[in-house]
Amino acid sequence: MNNKDTQGELWEVFIQSKPGQSFKHAGAIHAFDREMAIENARDTYTRRGEGSGLWVVKSKDIVAVTPNEEGYFFDPSNDKVYRHPTFYEMPEGVKNM
Amino acid sequence: MKTEALSKEELLLAFEEKINSEQKIEPLDWMPDEYRNHLIRQISQHAHSEVIGMQPEGNWITRAPSLRSKKILLAKIQDEGGHGLYLYSAAETLGVSRDQYIQWLHEGKAKYASVFNYPALNWADMGAIGWLVDGAAITNQVSLQRTSYGPYSRAMVRICKEESFHQRQGYEIMWKMMEGTKDQQQMAQDALNRWWWPALMMFGPHDGDSPHTSNAMKWKIKRETNDILREKFINKTIPQAELIGLKVPDTQIELLSDGSYKHSDINWDEFWQVVNGNGPCNAQRLAHHIQVHNEGAWVRESANLSGNLE
Ligand SMILES: [Fe+2]
Ligand SMILES: [Fe+2]
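Sequence lines, in order, name chains A and B. Heads up: the first sequence runs through residues 1 to 97, numbered per this note's numbering. Heads up: the second sequence runs through residues 1 to 310, numbered per this note's numbering.
These are calculated hints, taken from the structure and not from any lab test. Positions of the beta carbon are idealized from the N, C-alpha and C atoms, including for glycine. Possibly wrong hints are sitting among the right ones.
Unchecked claim - Distance ranges between label pairs, derived from CB positions:
no., chain 1, residue 1, chain 2, residue 2, range
1, A, Thr66, B, His293, 29 to 37 angstroms
2, A, Lys60, B, Leu74, 29 to 37 angstroms
3, A, Gly49, B, Arg168, 17 to 25 angstroms
Said to hold, decoys possible - Below 27 angstroms or equal to it, Euclidean Cα-Cα: the simulated DSS-like pairs (lysine-lysine) are:
no., chain 1, residue 1, chain 2, residue 2
4, A, Lys60, B, Lys24
5, B, Lys220, B, Lys161
6, B, Lys161, B, Lys232
7, B, Lys247, B, Lys262
8, B, Lys220, A, Lys24
9, B, Lys24, A, Lys58
10, B, Lys220, B, Lys111
11, B, Lys262, B, Lys232
12, B, Lys8, B, Lys18
13, B, Lys247, B, Lys232
14, B, Lys236, B, Lys247
15, A, Lys18, B, Lys161
16, B, Lys24, A, Lys24
17, B, Lys220, B, Lys8
18, B, Lys161, B, Lys71
19, A, Lys80, A, Lys95
20, A, Lys24, B, Lys18
21, B, Lys161, B, Lys70
22, B, Lys71, B, Lys176
23, A, Lys58, A, Lys24
24, B, Lys161, A, Lys24
Please work from the sequences and hints to get the whole structure.
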């Protein structure tokens, strides 16, 4: 937070739309503490029953891959094709595999 | 980590390739300054419009004619505040703080939709605003769901879901009045007469007179031009007016064979007068925002202190 800023810190909001589903980024809100953050997130992003679960995380605590590096960063997974089931040959007639 | 220093030309090429293949640009991606500055201006203007737009309707909460209509109006205005927040947080991803955006608004450096510089004189105006002003906003926002900037696009999707009730509640007010007494019918027609042209002005100048259109279209910030969106709005709204017995205040209206309407042009003198600060309520709207913001300063200060104790 900039010293001049008076609007609290920025928090990222994640909503789980139904129990069992993964949490999805919805947007951001401002708040001064954890309780205010979760309440502001509720009032701002779930006025119509959009969620069964809610997470808030301080934006500055999120670690992200720098876009210019993404090719290099994710590269190791591309040459390990044997991680995918389609890599393997199967005898004709095998079922349920 | 390995970073390859790309030249500005290569970065621009990669950026435009992404845009051309309908991929979204995300906050940490490289973008041309012009793209960033256009977004800073457009998204903050949009955010300010949502928030300033709460004033003409807020004016009628205490005088709503029934508990039902009061609850609806409150929920609608609360949504608009929420839309402002979605959009400010999208705008903040461009590297400008919310304080800065609000300061630019207060200094008159940032604009908001000039339609909110017209006064809401009576209850029928709540109908006209929901039906026409939200209706025009929706036409624009539906198109902006496909904008190339990821956070803006996602905010638009969320907003569009919420907007459909806004327009319906306004149209319902107009329809009920048209089913009522002669006086109520006159009120509804008078409200349409006063809000029709300001609503059409919401789409902005003609494409040829719109200084920011070409890059905004090329980089898919905007997906459809001002004039195309305005025509869409006109073509769907005139039949809605006729259905409940209202007449759009334009003597040139004529249904053409392709289903669109011929109509007369906007009074552009009035448009520029209001944009440049000389509308009926410009000073009042801004003064009110500044006053409320200053009155809330102690809340932010004390919240700041208690937050720091955590
Ligand atoms: Fe809105
Ligand atoms: Fe709305």
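Original post:
Any of the earlier hints contradicted here, and which numbers?
Top reply: none
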